[in-house]
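Participant: Input sequences plus hints: build the corresponding full structure.
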Amino acid sequence: MGQITLSGISKNFGAVQVLEGIDLDIRKGELVVFVGPSGCGKSTLLRLIAGLDKPTGGTIAIDGRDVTPVPAADRGLAMVFQSYALYPHMSVRQNMAFGLENAHLPRPEIDARIAEASRMLEIAKLLDRRPGQLSGGQRQRVAIGRAIVRNPTAFLLDEPLSNLDAELRVSMRAELAALHQRLGTTMVYVTHDQVEAMTLADRIVVLRAGRIEQVDTPLALFNAPANVFVAGFIGAPNMNFIQGVVRGPVEGGVAVTAFDGRVVPVDAAAGALAPGDAVTLGVRPHHLRRVGPDEGLPVTVHLVEALGAETVVHGRTAEGQRILAVLAGQEPLASGDVIALAFERRQTHAFDKDGLRVAGN
Amino acid sequence: MKIVKSVMAALALGLMSSTAASAGDVRLMWYSDGVEGEVIKDLVGRFMKENPDVNVILDNVAYKVVQEQLPIQLEAGQGPDIARVTNLKTIAQHWLDLTPHIKDPAYWQANFGNEFDWMRPDGSKAITGFMTQITLTGGFANKTLFEQAGVPLPGPKATWDEWVDAAAKVQASQKLPAAFAIDRSGHRISGPNVSYGANYIKPDGSPAPVDAGVKAFAEKLVKWTAEGKHMKEVWVSAAGSTYRAAAEDFINAQIAYYYSGSWQIANLETKIGNSFDWVATGTPCGTKGCSGLAGGAALVAIKYTKNPKDVGRVMDFLAREDIVKEFTERTLFLPAHKGVIAKGNLDFKSNNPAVKAALQKYVAATADIMPAAAALPAWKWATPYYGALVTRISQVMAGELKLDEAFARMDKDIADQVAQAK
Amino acid sequence: MAGVLGRAAGVLAAPVAWAAALVDRPMRAWQNATGTNGMAAVFLAPNMLIFGVFVLFPLVINIAYSMTGGTALFLPDRTFVGAAQYERLLSCADYTDPKTCEEDQFWIAVRNTGVFVVFQVALMTVVAVVTALILNREIRGRSFWRAVFFFPVLLSPVVVGLIWRWILQRDGLLNAALFQLGFTPHVWLTDRFWAFAAAIGVSIWAHVGFYALIVLAGLQAIPKDLYEAAEMDGTKPGRVFWRITLPLLMPNLLVVIVLALIRAVQIFDEVFVLTGGGPGTSTMFLTQYIYEVGFASLLKNPGLASAASILMGGVLVVLTLVQLAVARRNEAKGKRQ
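Chains as they are written, first to last, in the numbering used here: chain A, 1 to 361; chain B, 1 to 422; chain C, 1 to 337.
Honestly, the hints are just simulated from the structure, not real lab data.
Small disclaimer: the values here were computed from a predicted structure and weren't measured.
Careful: at least some of the hints might be erroneous.
Below are the DSSO-like pairs computed for lysine-lysine, each with C-alpha atoms no more than 27 Å apart in a straight line [stated by the list, open to error]:
| no. | chain 1 | residue 1 | chain 2 | residue 2 |
| --- | --- | --- | --- | --- |
| 1 | B | Lys412 | B | Lys223 |
| 2 | B | Lys380 | B | Lys288 |
| 3 | B | Lys356 | B | Lys380 |
| 4 | C | Lys99 | B | Lys402 |
| 5 | B | Lys215 | C | Lys99 |
| 6 | B | Lys412 | C | Lys333 |
| 7 | B | Lys41 | B | Lys103 |
| 8 | A | Lys125 | C | Lys333 |
| 9 | C | Lys224 | C | Lys333 |
| 10 | B | Lys89 | B | Lys303 |
| 11 | B | Lys271 | B | Lys325 |
| 12 | C | Lys236 | B | Lys220 |
| 13 | B | Lys361 | B | Lys271 |
| 14 | B | Lys303 | B | Lys169 |
| 15 | B | Lys338 | B | Lys309 |
| 16 | B | Lys89 | B | Lys64 |
| 17 | C | Lys99 | B | Lys223 |
| 18 | B | Lys103 | B | Lys49 |
| 19 | A | Lys54 | C | Lys236 |
| 20 | B | Lys412 | B | Lys220 |
| 21 | A | Lys54 | C | Lys224 |
| 22 | B | Lys325 | B | Lys223 |
| 23 | B | Lys288 | B | Lys64 |
| 24 | B | Lys220 | B | Lys157 |
According to the in silico footprint, chain C covers these stretches of chain A (three or more CB under 8 Å from chain C) [said to hold, decoys possible]:
| no. | segment |
| --- | --- |
| 25 | 163-176 |
| 26 | 189-203 |
The C-beta atom is built at its ideal place from N, Cα and C for all residues, glycine as well.
Facilitator: Here you go:
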């Protein structure tokens, strides 16, 4: 129950190609997050799964049944909208009952489901209020409640937390995670916030310009991004990218000339790269550590952001390459200071001239 | 009171369309049934040539304006200096006594005196204007249609029933929408009412209740409408006392017989041309007579004029015998001027022999006017009586009232008007 | 173009500034003397004066007229009769049967107006909603169709009446078409039922575009995702309309209904040209009754007409108050959301 398969999905609006070549297999009970920059097609993809739009090409199957020609009302899915889309003229109870009345469920059954869901979401006291009388967080829970009572095959959530303030967002995130644990129903979640993706997802689908860049668990995406885009998108602050040229093979990898002629060793499969090949190196800000002078890369500090638990340092190398480092604790640095940074070979990512991860890296 | 009156007048001035006349200006409000507009324009132009110090401003308006808007203007103490009016008696208090302003009151009395009572309050001796024409109600028949249907035209003493039956035969044969039509007007049916013995006027001059004569003709008219012989739209497609003429229907050969009056002659001649032959028939007979109703429009001077002297000069010119004769000949009207009638030899400006024949017929028909009809133009309750007749009969035709209810209502409507004026 | 405008602005700048400077000192002095409220009063005065002279003053005079009798049109020449005109208007043996009333034409007009208002407003609201629903969809040439529906609203009522009279008269377009199609023509405007139906139909045709526009605005204010949520909830289209669209449209519909009521009570122009109040008096409405009795009829009675107009005005005042209450309620609801 709740297994969704997308095969060869494409969607265009007139001349604009919004989605192309989407193949995805969502397992039952999974919480899959679609993430990507604005305009990447994640919301469109969600709406295609919901049935609110029809794909231009490809098929969608739910639990093995082809639902591409089936209208939204009959797919057995429930959606939580970004704007909640609560019926403003009905009470919370009526909002939640509406879909069930459409299915002609008996009254006792409807009341039971509403009672259960409102208890779960702690909105039992709000049942007779109108949406206009609720706060943002309360409305969000009602929207979720409306979806829960339907006992759907899967939940579809379209950026449900983006209208909430930062504090509420954090607590609601935890609640959603707990809810998923409890219900065990498949959830397809769309967000542009990669922190939400990282914390909630069983698997993340990274989308860019209508294509899937990579599908994997959050940690796998973090540790082994398939290309430059995913590497830069996942993880905050963004990964540092440094251009370099392959010099020659070394044990287990290649040597790359980067910065002002420094040689940086990276892991690579034999034969994956040839000398003279252009290569992009990637190092996460958290993987840079401060070393003594002459032990590492000299970086001139431009901006220091002291966050208390860690310090974010913006700097430039001698060649003008920007470097961002996140150092633990509180470093007494000021703009203009020169510090030396070093990083581990096994934490250095390498991407070839097409931006793809180098084999064996 | 004076102040209030002048303030009100000033306000009314702002609201009404007539602007103040300055010295030397004479405003003449005129309506036309046919070609009179051209004729009066010409005559007025000639007057201004002979009298360059007087500027006559001619306002050609629709009959409705004279009927409905002029009385309001007069009540506000405004209005033109001279107007051509048919509703002469009821609002006679607004007419100016021209006697001090005209050259020769005796000439006026001799030639127009017969009708002076039609246009002045009871008991007054004022000379307020003169009749531009005498009109007489009467019928017109579409000779061509009758011929095509093979129905002979009824004779001179034919009754209403005979005329309607003949027209009905023509209707059936020629597939006409209706056999005949009478204008939607209480004035128009008063001649036939009197022909059936009606008398509206009690001996003391107050209105009499509707009598057997009125009822007889009203019943017939309603019956003919129900049978589809009388063209229903004419009376039924308006409410109250709104005037509707059936001239267009006759001109378009939709009906075989049309009961209207002599003022239509010029209109018919212009619009029908050679399309078909038509004749005037006088008024069909009822049980007591074959009477039409005399009437006509008069040119009257308005009391509130600022230039009574100039008004007098214009009136004198237009009342001149040669001018009246020319007017009559060009407009194809029946003259009111005694001298013109007596001299005869009117050279009506029409190539159509039908016109001359029609006019002769009408002149002859004046002999058939019954006393009860002759008294009506000078009677001050005539207009309310006409209004009540037409309002209530059309309701019966539309199926809203029964005839008896209508008659009761008519008496009440007229009594209300009398009570109001007290 | 920009260059010309720029140059014009440059040329005008100096004289405008000079004129402004000229007026500045006296204006400031005046404002200091009378305060902002005083100045506002002076600027409002001309409009209030016009309103007073052309609306308020005639209204008061009309009330005075309604308590007088006699044939004179000039108020001071009339006789005071107190409430006699009202008494006459309102005296009926049986209020449901105009024939038993003293002033039967008045009650016929009242009854006609009542029936007209009920049917015309109800029908027009339905037509307006249906029209707005259709115009809200993504159909081809949508802007064109919106203009087409709104066009009759721009026509003068006399033109509207004439157009339809030419269509409906005995030798009009409708009968010609029916004849061509093999049906027997019917003289629509002399038939009491059809003339009344025509009055309703023509006035709906002439005004529905305006109300459809108001309803359309209301429709477009309903967020699209409510419909999507309803779709996800598995709602059938009929239920979507009854349970979602209609309740959310209610404020707009109330406005439409009250406005339509106020206008329907005053119906005159189109119908007068179309049927003249006929056949008989079957399409004679209150305004025409007042016009006839006050001005046009050969059986004039200005005092009676004034009394009738005051009574009619009373009804309109009630409706206007209802409209104000509805507007205030909508505003409050809007603020809360």
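Participant: Now tell me if each hint is right for this structure.
Facilitator: Consistency of the hints with the structure:
The suggested pairing of Lys412 (chain B) with Lys223 (chain B) holds, with an alpha-carbon distance near 24 Å, which does not exceed 27 Å. Using a Cα cut-off of 27 Å, the hinted pair Lys380 (chain B) and Lys288 (chain B) holds, with the two alpha carbons roughly 25 Å apart. Between the alpha carbons of Lys356 (chain B) and Lys380 (chain B) the distance comes to roughly 34 Å, so the proposed pair goes past 27 Å and is violated. Simply put, Lys99 (chain C) and Lys402 (chain B) have alpha-carbon atoms about 10 Å apart, close enough for the 27 Å limit, and the pair holds.
The straight-line distance between the Cα atoms of Lys215 (chain B) and Lys99 (chain C) is roughly 20 Å, inside the 27 Å bound, and the hint therefore holds. Between Lys412 (chain B) and Lys333 (chain C) the CA atoms are separated by roughly 56 Å; this puts the pair beyond 27 Å, and the hint is violated. The straight-line distance between the Cα atoms of Lys41 (chain B) and Lys103 (chain B) is roughly 23 Å, inside the 27 Å bound, and the hint therefore holds. For the hint linking Lys125 (chain A) to Lys333 (chain C), the alpha-carbon distance of about 23 Å falls within 27 Å, and the restraint holds.
Taken as a hint, the Lys224 (chain C) and Lys333 (chain C) pair is honoured in the structure, with Cα atoms around 20 Å apart against an allowance of 27 Å. For the hint linking Lys89 (chain B) to Lys303 (chain B), the alpha-carbon distance of about 15 Å falls within 27 Å, and the restraint holds. For the hint pairing Lys271 (chain B) with Lys325 (chain B), the CA-to-CA distance comes to about 24 Å; that is within 27 Å, so the pair holds. Straight-line distance between C-alpha atoms of Lys236 (chain C) and Lys220 (chain B) comes to about 64 Å, which puts the hinted pair past the 27 Å bound.
Distance hint between Lys361 (chain B) and Lys271 (chain B) is fulfilled; the C-alpha atoms sit about 20 Å from each other, no more than 27 Å. For the hint pairing Lys303 (chain B) with Lys169 (chain B), the CA-to-CA distance comes to about 53 Å; that exceeds 27 Å, so the pair is violated. For the hint pairing Lys338 (chain B) with Lys309 (chain B), the CA-to-CA distance comes to about 25 Å; that is within 27 Å, so the pair holds. At roughly 17 Å between alpha-carbon atoms, Lys89 (chain B) and Lys64 (chain B) fall within 27 Å of each other, so this suggested pair holds.
The suggested pairing of Lys99 (chain C) with Lys223 (chain B) holds, with an alpha-carbon distance near 22 Å, which does not exceed 27 Å. With a C-alpha separation of about 19 Å, the suggested pairing of Lys103 (chain B) with Lys49 (chain B) holds against the 27 Å cut-off. With a CA separation close to 19 Å, the supplied pair Lys54 (chain A) and Lys236 (chain C) stays within the 27 Å bound. As the CA atoms of Lys412 (chain B) and Lys220 (chain B) are separated by approximately 22 Å, the hinted pair is consistent with the 27 Å bound.
As the CA atoms of Lys54 (chain A) and Lys224 (chain C) are separated by approximately 17 Å, the hinted pair is consistent with the 27 Å bound. Taking the CA atoms of Lys325 (chain B) and Lys223 (chain B), the gap is near 43 Å; set against the 27 Å cutoff, the hint is violated. At most 27 Å may separate the alpha-carbon atoms for a hinted pair to count; Lys288 (chain B) and Lys64 (chain B) exceed this at roughly 34 Å. Proposed proximity of Lys220 (chain B) and Lys157 (chain B) is supported: the alpha carbons are some 19 Å apart, at most 27 Å.
Under a criterion of three residues with beta carbons nearer than 8 Å to beta carbons of chain C, the stated coverage of the segment 163-176 of chain A fails, only 0 such residues being counted. Remark: the segment 189-203 of chain A is not confirmed as covered by chain C, as 0 of its residues place a Cβ nearer than 8 Å to a Cβ of that chain, below the required three.
In summary, the numbered hints that this structure violates are 3, 6, 12, 14, 22, 23, 25, 26.
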